[in-house]
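Residue numbers (our numbering), protein chains in the order written: chain A, 394 to 698; chain B, 113 to 243.
Simulated from the structure, these hints should not be mistaken for laboratory data.
Even glycine gets a Cβ: it sits at the ideal position worked out from N, Cα and C.
Careful, some of the hints might be misleading.
Distance windows between CB atoms, simulated [what the hints assert, rightly or not]:
hint: 1; chain 1: A; residue 1: Tyr-686; chain 2: B; residue 2: Asp-241; range: 43 to 51 angstroms
hint: 2; chain 1: B; residue 1: Glu-195; chain 2: A; residue 2: Asp-426; range: 36 to 44 angstroms
hint: 3; chain 1: B; residue 1: Arg-236; chain 2: A; residue 2: Asn-401; range: 25 to 33 angstroms
hint: 4; chain 1: A; residue 1: Gly-612; chain 2: B; residue 2: Ala-177; range: 30 to 38 angstroms
Mimicking BS3-like on lysine-lysine, the simulated pairs with C-alpha atoms at most 25 angstroms apart in a straight line are [as the list claims (entries may be wrong)]:
hint: 5; chain 1: B; residue 1: Lys-192; chain 2: A; residue 2: Lys-459
hint: 6; chain 1: A; residue 1: Lys-520; chain 2: A; residue 2: Lys-638
hint: 7; chain 1: A; residue 1: Lys-520; chain 2: B; residue 2: Lys-192
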Amino acid sequence: MNSTDFRNLARTISRLEDNHRETVSRIIQLPLDRPQCHIIGITGPPGAGKSTLCNQLLSQLSEKGKVAILMVDPASPFSGGAILGDRIRLNHLAQHPGIYARSLSNRGNPGGVSRWVVTILRLLMDKGFDYLVVETVGAGQSEVKIASIADTTVVVAVPQLGDDIQTAKAGMMEIADIFVVNKADLPGSEKTANMLREVAMDSSGQWKPPVCQTVATSGEGCQQLVEEISSHHTYLVDNNLLEQKRRNAARFELVEMSSWLLHRQLEELLGERQGQLLVSGQVDLYSRLEKAYEAFINSLSEVSD
Amino acid sequence: MPIRVLIAKPGLDGHDRGAKVVARTLRDAGMEVIYTGLRQSPAQIVEAAIQEDVDIIGLSCLSGAHNSLFPKVVSLLKEKGAEDIKVFGGGVIPDSDIPKLKEAGIVHVFTPGSSLEKIVAAVRDCVQDNE
Ligand SMILES: Nc1nc2c(ncn2[C@@H]2O[C@H](COP(=O)(O)OP(=O)(O)O)[C@@H](O)[C@H]2O)c(=O)[nH]1
Ligand SMILES: [Mg+2]
Chain A
394 MNSTDFRNLA RTISRLEDNH RETVSRIIQL PLDRPQCHII GITGPPGAGK STLCNQLLSQ
454 LSEKGKVAIL MVDPASPFSG GAILGDRIRL NHLAQHPGIY ARSLSNRGNP GGVSRWVVTI
514 LRLLMDKGFD YLVVETVGAG QSEVKIASIA DTTVVVAVPQ LGDDIQTAKA GMMEIADIFV
574 VNKADLPGSE KTANMLREVA MDSSGQWKPP VCQTVATSGE GCQQLVEEIS SHHTYLVDNN
634 LLEQKRRNAA RFELVEMSSW LLHRQLEELL GERQGQLLVS GQVDLYSRLE KAYEAFINSL
694 SEVSD
Chain B
113 MPIRVLIAKP GLDGHDRGAK VVARTLRDAG MEVIYTGLRQ SPAQIVEAAI QEDVDIIGLS
173 CLSGAHNSLF PKVVSLLKEK GAEDIKVFGG GVIPDSDIPK LKEAGIVHVF TPGSSLEKIV
233 AAVRDCVQDN E
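Take the sequences, apply the hints, and build the full model.
Printed below as a string of structure tokens:
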């Protein structure tokens, strides 16, 4: 792809983010089910080395196909602005013609991802990208949405988590298809890897998440990680599980969109006057909501008929 | 829709404190700031700006190479058909260099004394001009 292609792509993504109506309705009609394409989610606490790891992944994956990466960081709750710094780790890949990299703010959306991420993935799939990597910050239980989007979720941890691993277990552990202990050059890596192996053994599914130890700064162990990532894709395809993953992603997309639309509309609607009425407790708003919701649901089931 | 800004440091000096202060200020003014760190080539900066679809690029340079690096970014943008992306600059820049930089298409030049409010206002102004 050349600069003009990237420019058009980049602009369309901005229009999606800005909820440009025609753009959203055009892109949402693009298929999300290309099986040869692989959606890879990378998540873990801030500073674990996710972006540095992505840099390694990108340079390896780009030998096999076209790669796009979305790097999502949280917006400031105060100003709505954001500092998006993941690109610092990708600089030497900036001019690779087969790599597209885009930083996104979550724009206040809880769960660590942008509302439009699945829609953006449709667009990228349509543009012929083979690998779609999504980096999100995941620090706790609330930030597991990435698992609803990605075919393969890679959870990045670092050595010496100590007791933290107990808390991390609660949310991040069950979403992992692959564990990475990054910063394996630091002491405690083996111990952390062993703890994660125990967690992986307990996993209920047929797939037992492998544990990779990597040094993202040098590239050590990254080859193995790429192999595990592609084995997981093969596993999904061979067991007819990929379709299920994509259906989850598409459902997630619609739920995100509708809850956002509803939320936005409600905030606009419930002005001073309505507020007063509500506070007086004289309206059965619940029943009204239910009715409106029913109409909405009915219109959706018509779509699927 | 927030203004998107790319803050980059071309050149070889390793001081990014000023760039970081500007990045934070713009974030606090509600903008999305893509921070790309130290030692960027003009070509890398332009490619990143295109992929990130920013409205404006802020360049910080303390090494004294601003006279060649800043105009290079502007001319590469033009070459790639992305001349609507504005460029402003900052750093240790002698007053006598400023007219030449502006002539080369740098919309604003900020020197160490510049107030942060002025930078925010200037970024807002030239992005709005664009729309
Ligand atoms: N020692 C060591 N440092 C690393 C490794 N990987 C990343 N880092 C450093 O960890 C810091 C955070 O990395 P970054 O990729 O930005 O983390 P992110 O916040 O998870 O995306 C940076 O200073 C990296 O250089 C590693 O394998 N070993
Ligand atoms: Mg990162």
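- prompt: Are the Cα positions of Lys-192 (chain B) and Lys-459 (chain A) separated by 25 angstroms at most?
  reply: Measuring from Cα to Cα gives roughly 21 angstroms; hence the hint holds.
task: Sort out whether Lys-192 (chain B) lies within 25 angstroms of Lys-520 (chain A), counting only the CA atoms.
output: 20 angstroms, holds
- request: Could you check the hint for me, namely that Tyr-686 (chain A) and Asp-241 (chain B) are 43 to 51 angstroms apart, CB to CB?
  value: Taking Cβ atoms as reference, Tyr-686 (chain A) and Asp-241 (chain B) lie about 44 angstroms apart, which means the hint holds.
Whether the CB-CB distance between Gly-612 (chain A) and Ala-177 (chain B) falls inside 30 to 38 angstroms: 31 angstroms, holds
message: Taking 25 to 33 angstroms as the stated bounds, is the beta-carbon spacing between Arg-236 (chain B) and Asn-401 (chain A) within them?
response: 26 angstroms, holds
- prompt: Lying within 36 to 44 angstroms: is that true of the beta-carbon distance Glu-195 (chain B) to Asp-426 (chain A)?
  reply: 39 angstroms, holds
query: Does Lys-520 (chain A) pair with Lys-638 (chain A) here, judged by a C-alpha cut-off of 25 angstroms?
result: With Cα atoms ~20 angstroms apart, Lys-520 (chain A) and Lys-638 (chain A) stay inside 25 angstroms; holds.
Of the numbered hints stated above, none is contradicted by the structure.
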